[in-house]
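Novice: All chains should be modelled from the sequences, with the hints used to inform the complete structure.
Protein sequence lines, in the order shown, are assigned to chains A and B.
Mapped onto this note's numbering, the consecutive letters of the first sequence carry residue numbers 1 to 414.
Mapped onto this note's numbering, the consecutive letters of the second sequence carry residue numbers 1001 to 1414.
These are computed hints drawn from the structure, not numbers from a lab.
Please note that the accuracy of each hint is not assured.
Which residues of chain A face chain B? A few of them, derived with a C-beta cut under 8 Å, are [claimed, not checked]: (1) Gln178; (2) Val188; (3) Ala189; (4) Asn196; (5) Ala199; (6) Ala203; (7) Leu212; (8) Pro316; (9) Gly317; (10) Leu319; (11) Thr325; (12) Asp353.
Note that CB positions come from ideal geometry on N, CA and C, so glycine has one too.
There are 2 protein chains.
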Amino acid sequence: MSLKERINAANDEAFRRIVAADPVLVDVAPASEVIPGMRDRLILHSGPPVDWEHMCGAQRGAAIGMCLFEGWASHPQEAERMLSSGAIALEPNHHHSAVGPMAGTISRNMWVWVVRNQAFGNLAFCRQVESFQQFGDYSGDALGALVQWRDVWGPALRAAVLRMGGIPLKPLIARAMQMGDEMHNRVVASSSLFANAVAPMLADCGLPREQLLSTLYYTGNHPFLFLGLSMAAAKASVDPARGVEASTVVTAMARNGTEFGIQVSGLEGEWFTAPAPRVEGLLLPGWKEEDAGLDMGDSAITETVGWGGFVIGGAPGILRFTGGTAEQALAFSRDMRTITTGISPDYLMPALDFAGAAVGIDIRKVVRTNLVPVIDTAIAHRSAGHGIIGGGIVRPPLACFTRALERFSERYRD
Amino acid sequence: MSLKERINAANDEAFRRIVAADPVLVDVAPASEVIPGMRDRLILHSGPPVDWEHMCGAQRGAAIGMCLFEGWASHPQEAERMLSSGAIALEPNHHHSAVGPMAGTISRNMWVWVVRNQAFGNLAFCRQVESFQQFGDYSGDALGALVQWRDVWGPALRAAVLRMGGIPLKPLIARAMQMGDEMHNRVVASSSLFANAVAPMLADCGLPREQLLSTLYYTGNHPFLFLGLSMAAAKASVDPARGVEASTVVTAMARNGTEFGIQVSGLEGEWFTAPAPRVEGLLLPGWKEEDAGLDMGDSAITETVGWGGFVIGGAPGILRFTGGTAEQALAFSRDMRTITTGISPDYLMPALDFAGAAVGIDIRKVVRTNLVPVIDTAIAHRSAGHGIIGGGIVRPPLACFTRALERFSERYRD
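Specialist: In structure tokens form, the structure reads like this:
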């Protein structure tokens, strides 16, 4: 078999594994209970590896927030000293089967969504999504939302989910995609469907009245509720496609606000990075271009499985968040077929006459066409201490793909 | 002022009233408590007036169902005798500020959604939507769903809605339209959002456990839950535009399966009818063209206010139900601007770059252009005794509009 034939067969196998995924929410639990290697004084972060010195402002702010949340430090300056001295370890979520939105920070007492890929048995984890701490805001209000999640909403959802014996996410995501969700920054339909799915069991698992009502209001009114689930589902779906010998399919795209990094199936364990790009989009009132930090977050795991920017043509409602026109969004979704391995049989876009999502980014095709993936994303501030400031479209640096392909060519030869 | 100027000013006023509407769900109640003139042994039906002799099979079946549901008859033959003898009165919903889906039958003990237009103070009513009795199925199973609605779900929702002090529908509908609902046959997003909105109060109004759980499951899983609300909201929105002297704006489009009828603002109280058309669309497996009944239902009240077929371009998810392509759906929504008076500032279509819905059908423009409204609709069987058999697109007979315009020309002169 020629190398080209080997690669094509390997990519078909990686694609097959991704589309065969069957993600099911099986638990909501403290990170320390479920994430492998989740030790004390460890903060997991989004993107490829980065040390404190090179960490961007927003991710630093989020890490400070985790130190305060965990009680490791009693004020921000103390947290900063601990982080800069190495007293707190920093590791990528992706090294722990986890993903996190924006700064993506996860520590022991952060409760996470636990998604099991029933087709392969692997687990994946994602923290809760909110609009402040994950963007670098470590104020009391920002941390208060994490405390509520840890003490009220997380445990309530855990009780309901366990009692339901898990919630299959594939059919829910497929339905939401026909309701204009793209599963990255537009998850209003999936959030609403999920809230309806858990409501009866929440009401029937003996929760105290205050906790029940608070959780019903929370789940029924959080427009980004499902993003953590979508990310965990995507991570659980793509992980079995890691390490397929000779596959050029991308298994992670992740950003820490300093660097954009990708991982490739046939080059398991390696990162291919380049400086993080700027996001082109819309800023919330009061913010200026120069306030914006660079691209950040593990949430591009959704694009890695063919959601997000890859199905944005079916989700024009997001354009009020990212900018652009419906025609451009349709073109993005069509374009992504050029750089991918196959078409999803499950995740369909009504606006494209029910065409399936493009799945399995092939680094060869990216480099050959100079066409890089489309990612829609939120925007954080360049400095620590702020919540969300905007949203837009970002394109990964081509260099990540060319470097990966160079390395692939060294490693695999005819 | 010339007649043309008078008409234009009148139409602007009718349009202004429609878009100023502020529909709020204020109650869920037995028809006998809230619908004006809702007396014993009266069945309200969809469409323009029709007697038993001219009633189509599906509407006859639904009327038989109501006689059994109310206990007026103990078997279908007895019901049929009472109906054909005139022992049971038949009147259009539209003569009682009400609307009903498909056969549209409402009797005393049918619980209805009660929507108040807060901008004008008028009330409108619509019965619950299901997939059997309203299509003419009078079997025990079909009637069982009505009993559940009357005894379990209706009262539970009443308790929650009253305790909430009403639920504003305008913002909910506007959001749902950005999630691919068109508010006629695709109401999955609005149904889901509505279920989210009522869940906490349902859980907190002291309902017995069985009733609470049954209602949470019902509201969280009924894909047409919101249609009755959408129809009542549309009826409440358009009724203040009735009786504007010299206005050529349509205030009702309604069908009884035998005739299609329209009403016009400046010709208040009159119906302009023509034989009901066939629906072009998709049949559920097992059904053939010749099984299909003709166009039926008051649900075209949604198109009358610029929803349904008028915003179908923003709701391509419905095409699996109606047939057709996304491009055709976009063209329908653009076309409707040709025959209407203005553009909604509230109900926007992301797929058309957030263009507003076309509102206020002008019979002059319809006759001048030969372009009739686009209505998406379900299909009933031609005979009594069946549930839903399909869905599709229907165009009203042009004759309704030409007759209305002839009458208008008699009544109003320069």
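Novice: Does each hint hold? Answer for all of them.
Specialist: Okay, the hints, checked on the actual structure:
1. Gln178: Check passed: Cβ of Gln178(A) comes within 4 Å of chain B, closer than 8 Å.
2. Val188: Hint holds; Val188(A) Cβ to chain B Cβ min 6 Å, cut 8 Å.
3. Ala189: holds (5 Å)
4. Asn196: holds (3 Å)
5. Ala199: holds (5 Å)
6. Ala203: Constraint on Ala203(A) satisfied, holds at 5 Å.
7. Leu212: Given a least distance of 6 Å, the restraint on Leu212(A) holds.
8. Pro316: holds (4 Å)
9. Gly317: holds (4 Å)
10. Leu319: holds (6 Å)
11. Thr325: holds (6 Å)
12. Asp353: Status holds, d = 5 Å.
Violated hints: none; the structure is consistent with every hint.
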